[in-house]
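The whole structure should be built from the sequences, with the hints applied where relevant.
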Amino acid sequence: MKSTSRVQLPTSGGQGELAVTVVMWLVASLVAMILIGIVGDLVWHGIGGLRWSFLADSPARAGRSGGIAPILVSTLLILAIAMAVALPLGLAAAIGLSDFSRRGGAFASIVGRTLDVLAAVPSIVFGLFGNAVFCGWMGLGYSLLAGGLTLACMVLPILVRTIEASLRSVPDDYRVAAASLGISRTRATWSVLLPRASAGIVVGWVLGIGRVLAETAALLFTSGYVDRMPRGITDSGRSLSVHIYDLSMNIPGGTANAYTASLVLVGMLLLINGMTRVTVHVCLRGSGASE
Amino acid sequence: MSDVDPIVIRTRELGVAYGRREVLRGVSLEVSRLRVTAIIGPSGCGKTSFLQTLNRISDLIPGSRVTGSAIVEGVDVLTRTTDVRTLRRRVGMIFQKPNPFPLSIRKNIQLALREHRLGSRDEIEATMERVLVDVGLWSEVRDRLDTSAMTLSGGQQQRLCIARALALSPEVMLLDEPCSALDPIASGRVEELILSLRQRMTIVIVTHNLAQAKRIADDVAMFWFADGAGQLVESGPVAQIFEAPQSMITRGYTHGWQG
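Top line first, the protein sequences correspond to chains A and B. Taking the numbering used here, the leading residue of the first sequence gets 1, the next gets one more, and so forth. Taking the numbering used here, the leading residue of the second sequence gets 1, the next gets one more, and so forth.
One or more of the hints may lead you astray.
What the hints assert, rightly or not - Okay, the calculated bits of chain B under chain A, using three or more residues with CB under 8 Å as the criterion:
| hint | stretch |
| --- | --- |
| 1 | 79-86 |
| 2 | 92-98 |
| 3 | 101-110 |
| 4 | 158-166 |
Said to hold, decoys possible - Some, not all, of what chain B presents toward chain A, calculated at C-beta under 8 Å:
| hint | residue |
| --- | --- |
| 5 | N55 |
| 6 | L60 |
| 7 | P62 |
| 8 | R89 |
| 9 | E115 |
| 10 | H116 |
| 11 | L118 |
Source of the hints: derived by calculation from the structure; they are not laboratory data. Backbone N, C-alpha and C define an ideal beta-carbon position, used for all residues, glycine too.
What follows is the structure, given as structure tokens:
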């Protein structure tokens, strides 16, 4: 791997410079402290309830006691469905926009704008859409499948835009080099551009996972909120975020378990995030693609 | 045809425009087999544009329009039905800035071989070794074929790009100022390499370096910007262009009076 050398910025430069440096440090620390504060709060209140039985048991007394096993299963199934649908579609759309349509052409710009608008649509609207289309029209009813598909629609715009941006940031030199060797655009995209853009693709993927795991509103309409173990993806189920919402808003005495469930949710997010990065790093080391 | 045609590339009234801007007009040039033809002339006189039409890399430039005709090894390059993939395998190209793929050294060479299905796994390995030997990189990289090509120096990267193009056994090699981003030593090695290829393929090289043109070229084509577009002023054997040019423009340019 290429060693990256950083320029050492001068830290001295008069009183003004010092003041700016101090302010920047304070702002940066503040941002970091917000995250540390949230996680700290969750750990403080939630760690007490975190034990194996919490992960392995079904909820009892509407979640006030017992665990979250069925909810974890539902959450992971929804996540798997959403990402399994969104990733191939998102990749294909992004590749289409960046490399198989004319740059700055009408098609790419109309599709691009549509995606930007879609990305800004509130999730509750996606919920209504999913409820009408997947639950109603397609006859899936309240099910993990309907929820997963709805969330796939919701993360698709973010996924496409992030992947497209990372593909576009790959220098054209590589495209020209590939063309000059008679390499087809498909192979050039697959073997050269995608590995090179992988860091950006991972960002899109992690952002997508974050949104799916965090989503509550859209799932109330589509996956339902029964807290029993789902019998399959056509069964309804409750996601962690819905569970947390229910425990903290509707169930008196559910706060403690809401904290523990939140801690699990954040832990899951960090775990998946880390695992994705490690996996991609290992995969790319073999291909020799540099950052 | 009983004999091999001594002319490999023939262009007739070749013109290039990007949108409304005409960059090259009326170039009729013949390039001889197994010789090095240098294209010289000041910046902005269409040398690179000329080169880019010969393997249709010009297709990649939005709004580019090519007129006239270009025949390479008997194949009309500029038709709608031209097999561009095969054309680009037969006509290799090296760019000003070395542009290896951000992949391993091995993959850089093997990617195109796989694309064109040139040989089995073992044959591809053998080809890779052969072309790396040809460009003098083998001894430098044999122990690190799986490291990224981006770790190589600029001169090594350019030689890797040449090896990558050689792997496809092209009949013509187009080089667009291949040494301009390199230091004199690396540049010298690339020059020697070009000379060593002359026996095997026809070479067209764009260069700003007149001394380089003198050293390596057999024939020279002089381009100039006049009347709103780049044009061919004259072409001929290197001695004629440098010592007895027909055009005042060539005389002035090669003597460093203008351009």
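Taking the hints in turn, this is what the structure says about them:
no.: 1; hint: 79-86; verdict: holds (count 3)
no.: 2; hint: 92-98; verdict: holds (count 4)
no.: 3; hint: 101-110; verdict: holds (count 7)
no.: 4; hint: 158-166; verdict: holds (count 3)
no.: 5; hint: N55; verdict: 7 Å, holds
no.: 6; hint: L60; verdict: 6 Å, holds
no.: 7; hint: P62; verdict: 7 Å, holds
no.: 8; hint: R89; verdict: 4 Å, holds
no.: 9; hint: E115; verdict: 5 Å, holds
no.: 10; hint: H116; verdict: 6 Å, holds
no.: 11; hint: L118; verdict: 11 Å, violated
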